[in-house]
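Could you put the whole structure together from the sequences, leaning on the hints where they help?
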Amino acid sequence: MTVAPEKNELVVPEGHVKLVIDGIEVVAPKGELLIRTAERMGITIPRFCDHPLLDPAGACRQCLVEVEMGGRPMPKPQASCTITVADGMVVKTQVTSPVADKAQQGVMELLLINHPLDCPICDKGGECPLQNQALAHGRTDSRFVDRKRTFAKPIPISTQVLLDRERCVLCQRCTRFSAQIAGDPFIELLERGAQQQIGIAEEKPFQSYFSGNTIQICPVGALTSAAYRFRSRPFDLVSTPGVCEHCSSGCAERTDWRRGKVMRKLAANDPEVNEEWICDKGRFAFRYTGAADRVLRPMVRDKATGELKQASWTEALQVAAEALTKARGSAGVLTGGRLTLEDAYAYSKFARVALGTNDIDFRARPHSREEQEFLASTVVGTTPETGVTFTGIEAAPTVLCVAFEPEEEAPIVFLRLRKAARKGRTKVFHIGQWTSPAVEKTFGTLLATPPGGEAAAVDALSSHAPDVTEGLGKPGSVILVGERAAQVPGLFSALLRLSEQTGARIAWIPRRAGERGAVEVGALPTLLPGGRLVADAAARAEVEQAWGLEPGSLPDVPGRDTNGIIEAAANGELRALVVGGVDPYDLPDPQLALKALRTADFVLSLELRHSAVTEFADVVLPIAPSVEKAGTFLNWEGRRREFGTTLDGTGALPDCRVLDTLAVEMDADLFTQTPTAAAGDLARLGTTSTARAAAPTVESRQQSLPQSDGQALLATWRQLLDNGSLQEEEPHLAGTARRVVARLSEHTAEVLGVDKAETVRVSTDRGSVTVPFEYADLPDGVVWLPGNSGDVRVRRELGALHGSPVNVHPGGTE
Amino acid sequence: MSTVDPVTPVLTKRWLSPRSWSIQTYEQLEGYTALRKALTATPEQIVQVVKDSGLRGRGGAGFPSGLKWSFMPPNEDKPHYLVINADEGEPGTCKDIPLMMADPHSLIEGCVIASYAMRSHHCFIYVRGEVLHCIRRLNAAVKEAKAAGYLGENILGSGYDLEITVHAGAGAYICGEETALLDSLEGRRGQPRLKPPFPAAAGLYAAPTTVNNVETIASVPYIINGGSDWFRRMGTEKSPGPKIYSISGHVERPGQYEAPLGTTLRQLLEMAGGMKDGIPLKFWTPGGSSTPMFTAEHLDVPLDFEGAAEAGSMLGTTAVQVFNETVSVPWAVMKWTQFYKHESCGKCTPCREGTYWLVQILERMVDGNGTEEDIDTLLDVCDNVLGRSFCALGDGAVSPIQSGIKYFRDEFLALCQKNREKNRKPAMAGAN
Ligand SMILES: Cc1cc2nc3c(=O)[nH]c(=O)nc-3n(C[C@H](O)[C@H](O)[C@H](O)COP(=O)(O)O)c2cc1C
Ligand code: SF4
Ligand code: SF4
Ligand code: FES
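Heads up: the protein sequence lines correspond to chains A and B, in order.
Be aware that the first sequence starts at 1, since it is given in UniProt numbering, and climbs by one per residue.
Be aware that the second sequence starts at 1, since it is given in UniProt numbering, and climbs by one per residue.
These are calculated hints, taken from the structure and not from any lab test.
If you're wondering where the values come from, they're calculated on a predicted model, not measured in any experiment.
Note that beta-carbon positions come from the ideal geometry of N, C-alpha and C, so glycine has one too.
Keep in mind that the hints are not guaranteed to be accurate.
Not close to chain B: a few residues of chain A, all C-beta gaps over 10 Å, as computed [said to hold, decoys possible]: (1) Gln196; (2) Glu322; (3) Pro384; (4) Glu615; (5) Arg796.
Within a straight-line C-alpha distance of at most 20 Å, the following computed SDA-like cross-link-like pairs (lysine to any residue) qualify [what the hints assert, rightly or not]: (6) B:Lys195 x A:Arg258; (7) B:Lys13 x B:Cys94; (8) B:Lys195 x A:Asp55; (9) B:Lys195 x A:Gln180.
Here chain A is said to cover these stretches of chain B; the calculated rule only asks that three of the stretch's residues, wherever they fall, bring their Cβ under 8 Å from a Cβ of chain A [claimed, not checked]: (10) 254 to 265; (11) 341 to 349.
Below you can see the structure in the form of C-alpha cells.
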C-alpha cells in the first residue's frame, strides 16, 4: 500500500487570507500591506516612501510588483506599499518577475538622474537606503547625459535641521511624519514637477520637538542636523544600544560614538515603548557630559582658603566618611530624580545602613505628603503587566490628563496619545489651564480650571462633565497625572476617588528618568525598597534579614521629606547633607535650600558638574553620566530599561560604586560595588506581602482667585526644551525651543491693565520677571509662565509655585 | 459611410440661438422640463435610466456614468457631493468651456438631476481659473436658476434642496485629475490621492462624492427627456450618444462639431471644411495629446471608445488636433513633452523625473544633437514611466513620444545625422 503524500495545506485562520508570493504560499492577516507580507517571508522589496508607521503614500514607485487577482493579471505593476493582501492573489516581485525587476530598475535610474552623487561628503553615505538599493537594484552606469537639477544648498529649516534639496527624493516621509506623527506640519512640499521641493513657510521655521526623527527616516542625506553634519562617517562609528536619560518614557536609543566621544544618538525601535521615535532632547542633548565644568577628580574644601581643591579618592572618602560617621543619625540624603535604579538603591541603602536615617527623598521639586502617600499606595510595585502602558494608552477609549502636559513632560507619551486619538478611537481630555499645543494635537478637550483648582475640578466631573466620567467608565480607560499634581492639595486623593468611581486606572508620569525607580527602591522617607513601609516592623525585618543586619537595627521612624530635610538643615537640626544630582533652584524654596547648604556642618556632593551645591560642598565626589556607566531606568510604566556602558574606561564611577566605597570607610557594607551587584542585591529582596501604604485622603479645595488689584494666580510648568542643565552646550537644539512668553486671557490683561503693554512684569516678594505675553484661553485671573525658560525662572526668581498668587503689571517695552 | 448622418444637434442645439445662455432662451427650448420630470421619479429610477442609456464619462476615461452614480451609498450618514470637473486642461480640448458659455443652464439642469439622483445637496463646479468669463457666466446662470426656483430650497415644490457653488481652480493640468481636483477644492495643493478610498466612499471632505465631466452631466437632461432608447439610437453599441468633437489645427474651420460617437476623422474633416489650404494630413490626435497620435492611415477609424482603442489609441476627450505635412513630428512631440514636464505634479518619481529627462533628450535632438541611442533611451524611459506612475498624467505624457517614434522614426533618426557624421571622422587627428 502506498501512503498518500502528505498534503501541506496551509491553514487560514479567521481574519486571514492566503496568497502566493514568488511561488510560495503564504497566509497573511487581512489588510496587511503586500510589502510587509513579503518582508515577513524574507523578500525585501526596495522602497523609499514606505514607512511602517506612516500612512502609505505610493509616491516613489520603487516598490512595484506584478499582481494577479482572480487569475487575471493586473494591467500595471502595483505599488506593494499601498496594496493590501487578498485571497487568491498571486504576486511576483523582482525576484521572479522581469517586469517588476525592470520597473524597479527604471525607477531607481530616474531617482538617480537628479541625485547629486555627493555621497563621499554626505552624512548619509554608508548608511543610505538610496545608496544601498542603488547598488542592489540599480544599473551600473547612467544613461543620463543632460543637465541635473540644482538648488542652493543647504538651507536651514530650523536651527537644528538643514535641508539639501538636491539630495531629496521627495518621498514625503518627513512631511508625513510631521503632519501625522508629530502634528507639527511646519514642513511641506512646495512647487510642482521637477521643481517640487520640501520647504517651510516664510519666517516659520520647522519648530517641532520631534524634528530629529525626520533626519533619521529621510532615506537620503537631504535632511541633516547642524549638530552632526560633516562630523563623522557611519562606518567610523561604534553603535551601542542605550536608554534615554532625560524623561520617564525610557526610550530605546542607539548611541554612536568614536574615540571616547558620543557623536550622535538615534531612536531605536521598541514597539512597546517609543516605536521608532525619540524627541529632540533625547536625540540632541548629550554634550553636557563634555562641559568644561565637569567634575573629574574628587575635591575637598581647604580649611584655610575655603576653596575646593583636588584630592585623591582616598583622602576625599576619608574626610567624607569621618564627617558622616560623626553626623550619623543627623544627616539627610537628597538624591535627585535622575538616578538609575541601581544608584538610587545605593542611596536608599546608604541612608539606612551607613547613616541610620530615613531622612531621604528623591524629589528635587515641589512635593507633598499626599504625593508620598499616593506613590506608596498606588504607584510602587506597578509593572507593565499590572499597570498602564504605552500600548494601554493607545487602546484606551478615554484618557484624562490631569496636571500633566504630555508634550513638554513626556513627549513619547504625547506621541502615543496623539496616535490613539488620530485613529479616532481614543477621546482625550485635559484638566489644565489653557489649550496648549498638546491639547490641540491630541484632538483633546480642555477642562479649564484655575491653577490649584484641579482637585475640585476632578470632584465636580460627574456633575459638570458627565461625558468624561462616562468615558472613563469604559474598560481600559486611563488617567494620567504628572508631577505638578504635588502642588495641588487634594488632587491625588480626588483622582483615587475618580478611579474608584469609574474603574479607570491611574498612571503617574513624572518628568525625570529616575523618579519612578527611586520610588521602587525606597528613596523616600516612608518607604524601604519594594514598597515596604518604614513603619511596619515586619517589613523592616524582611529588609534587615536580606541585608544581613541585626534585627531592629533599621531606623523605625519615618524620615523627613525634601522640604523637611532642607528646613531641618537650615535651622541646624540636621548636621550633614548628602546630595546627589540636585539643583537647589528646582526646589520649592531655593533660598531656604541655599541656607540649608550653607548652614549644614558638612555637605557631601556627588556630582557630574560644578553646581550651586558644589559651591557649598565640603567634599565633592565625581560620578559617571549615564553613557559612562551601566544601569537600569524604570520608566513610568514600571518597565525595566536596562543599558550597558557606552563609553568604557573613562574612569568615571557610578554613584552606587562611590557610595559603596564610602560606606566601607564608614564600616558599613552596601554590596553595590557595581550596577550589576546593586541590581543583584536589590533582587534578593524580592517582593513582599507586608502591608501597603494607605491611600491619601486629603480634602480638595476650591481655588479662590486673588482679590486684590494687580494680582493673579500663577499657572506654571516646565517646557521640554528650557534651561535644564542636561541641555547645555546645545545651541542648535536650544534654537528650536518654544518662544518664552507669558500667557493670559484678553480679559485678564485688560483687568490688570497690561493689554496695552508689550511685556508683563510678574513679581512676588522674592523678585520679578519681565516677559512678552500672548493671549490664550486661560481662566480669568490667571497668568501662565514657563517654569524655567530663558529669563523666566519661576522658582529661582519668584520662589512661586503652580497656584501661587503673583503680582502682574505692565512691563513696558522690551 | 462617407458622409455623416444628419444628426439632430443635441448638446449644441441651442448654441446658435440668440442669447442662448439666458434662462429665457433655455426655457423656451425645453429647458428645465427634464428636471420637472426627474423630480417625480425616485433617485434609483434616475440612476437606472442613466445606466440603461449607456452614457459614458466624457472626461476622458469613459467610465459608465450610471454605474459610477450607483456607487454612492444609499444612506445619508454623511453629506453627499457632486463635483463637476470643468478644468478642461487636456491639450486640444475645447468643448466644456464653449458648452458652459453657450448653454450653461443645460449643465445646471444636469447638475440638479444628477445631485437629486445621488442624494446630494451641494454641488460644486470646479472651473479652471483662467476662464473668468466662463465663471461669470456660470455664476449668473446659477443666480437665474435660483431665482426661478430650479435651485436652492424646495426646488419646484418637490422638497428637494440643492446649492451649487462655482469654484475657480488655481490653474494646473493635474487639478483635472479627479482626486487632485478634490484636494484643490479643499484648498490644498492639487496632487492626486491614493485610492482606495475612492471618492464615492471618501471624496470631498472625506464624504461620498461623485466627480463627472461637464459634458457628461449636460447630457443627462436629454436622456431624461428622450429616454435611454432614444439616446442609444446615436453612437455605437458600447459608446452610445452624441459627442462634441473639438477640432483644431490645420483644418479650414476649426471648432466644436457635435456628432454621434463612432464618427470618423474623414467625416469630421468634411464637416470642418477639409484640410486647410489642401495641404495633406500628416498626423492627428483622436482625444488630446495624451492619446497616442494617429496618421492618415487612420482616417476611417470609428472614433468611439472601442474603435480608438482597437487602433492603438484612446478616445480621450475627443480633442482632434490635426497637423499637416509642414509640421515636424519630433518638434511637436517636444512641445507636448515640455507641457507634461511643466504640469507634472511632482508626486511620483517616474512622471516627475521621466518628463524632466525626456524633455532634455528631445530638446537636444530637435537642436540636431541627437544620437541613435537617444531614441532607444527615449523609448526605454517611456516604458519606465508608462504604467509606473501614480496617476494617468504620466501615462499620457509618454503617448506622443511612443506613438511619434512608432509612426515617424525616420524623422527622429534624421535628427541624429550630425552626430553620425561626426562619429565617422575621428574627433581629433590621431585620436583613434
Ligand atoms: C492628468 C489628468 C487630467 C484630467 N483632466 C480632466 C479635465 O480637465 N476634465 C475632466 O473632465 N476630466 C479630466 N480628467 C479625468 C478625471 O480624472 C475624471 O476621470 C473625470 O473627471 C470623470 O468624469 P467622467 O466620468 O464624467 O468622465 C483628467 C485625468 C487626468 C489623469
Ligand atoms: S527630505 Fe528626505 S524625507 Fe523629506 S521628502 Fe526629501 S528625501 Fe524624503
Ligand atoms: S503621474 Fe505622478 S508626478 Fe505625474 S501628475 Fe500623476 S502623481 Fe503627479
Ligand atoms: S515605497 Fe511603495 S511607492 Fe514608495
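To see whether the hints hold, each was checked on the structure:
| no. | hint | verdict |
| --- | --- | --- |
| 1 | Gln196 | violated (3 Å) |
| 2 | Glu322 | holds (73 Å) |
| 3 | Pro384 | holds (36 Å) |
| 4 | Glu615 | holds (57 Å) |
| 5 | Arg796 | holds (46 Å) |
| 6 | B:Lys195 x A:Arg258 | violated (47 Å) |
| 7 | B:Lys13 x B:Cys94 | holds (17 Å) |
| 8 | B:Lys195 x A:Asp55 | holds (13 Å) |
| 9 | B:Lys195 x A:Gln180 | holds (19 Å) |
| 10 | 254 to 265 | violated (count 0) |
| 11 | 341 to 349 | holds (count 9) |
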